[in-house]
Amino acid sequence: MGSNWDWQVFLQDPGGEYPTYLQWMLSAWGWTVSVALLALVIALVAGSVIGTIRTLPDNKFLVGFGNAWVELFRNIPLLVQIFLWYHVVPAIFPALKSVSGFILVVLALGFFTSARIAEQVRSGIQALPRGQRYAGMALGFTTVQYYRYVLLPMAFRIIIPPLTSETMNIFKNSSVAFAVSVTELTMFAMQAQEETSRGIEIYLAVTGLYVISAFAINRIMAFIEKRSRVPGFIATGGSGGH
26 MGSNWDWQVF LQDPGGEYPT YLQWMLSAWG WTVSVALLAL VIALVAGSVI
76 GTIRTLPDNK FLVGFGNAWV ELFRNIPLLV QIFLWYHVVP AIFPALKSVS
126 GFILVVLALG FFTSARIAEQ VRSGIQALPR GQRYAGMALG FTTVQYYRYV
176 LLPMAFRIII PPLTSETMNI FKNSSVAFAV SVTELTMFAM QAQEETSRGI
226 EIYLAVTGLY VISAFAINRI MAFIEKRSRV PGFIATGGSG GH
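So that you can map any letter, position 161 of the sequence shown is 186 in our numbering, and since no number is skipped, the others follow by simple counting.
Check before you lean on any hint, since a few could be wrong.
Quick list of simulated restraints, FRET-style, between CB atoms [said to hold, decoys possible]:
| # | residue 1 | residue 2 | range |
| --- | --- | --- | --- |
| 1 | Gly165 | Ala241 | 30 to 36 angstroms |
| 2 | Asn29 | Lys197 | 27 to 33 angstroms |
| 3 | Thr232 | Gln48 | 15 to 21 angstroms |
It should be emphasised that the hints constitute simulated quantities derived from the structure, not laboratory data. Note that the structure is a prediction, hence the values are computed from the model and not measured. Where a beta carbon is used, it is the ideal one built from N, C-alpha and C, also for glycine.
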């Protein structure tokens, strides 16, 4: 079977802006990484804020807003959210009509993932012993201060493993960007396979790049987890964050 494979397909000229299919594929990989990393920044920032405000002890409005955010973005399929951002939101807000599909995909993927990260941040904070919050208050910290200096640093250490999964998922979910014509790896694979009829070689190479990306993320997050571990600290789940 291997004798029928033709890896030289990657050296052929696709007849467009790229000299070879290999350069086209590497460019598509760059777009995939760009979409994923920018969406990850949005997801981490928004998810951390939303997750934190859902644990505030005396602010029902912010808690309700955070809960609504999570339910909204978590329960609508990602592909539907991509189309909403691409077709519906610019129709409602005409100023967004000039925004590129790339940016809209980043926003859709970032907000979709932020709901999942918010849930993990909330769980991390609520897994901490109740005494941590009281200790911060006893030191005279404001609510912002004891979240910043006491609760959040420990909560993020707890949730690094699930954050690793979400970071890997964001790379895999970036493949939906093909639906709005962002030239990332999945769109490259579909177009190149159609032009060359070499689907096995094309999809194996693209799969290899996804695996390399996922492995790199896994190693980076494992390094962060190792460096940020607190010796002897074990979260006592169920002791409540309120």
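- In this structure, is the beta-carbon distance linking Asn29 and Lys197 contained in 27 to 33 angstroms? holds, 29 angstroms
- Between Thr232 and Gln48, is the Cβ distance one that fits in 15 to 21 angstroms? Since Thr232 and Gln48 have Cβ atoms about 19 angstroms apart, the given range 15 to 21 angstroms holds.
- Take the C-beta atom of Gly165 and the C-beta atom of Ala241, compute their distance, and say whether it sits inside 30 to 36 angstroms. violated, 44 angstroms
The structure is inconsistent with hint 1 alone, although it conforms to all the rest.
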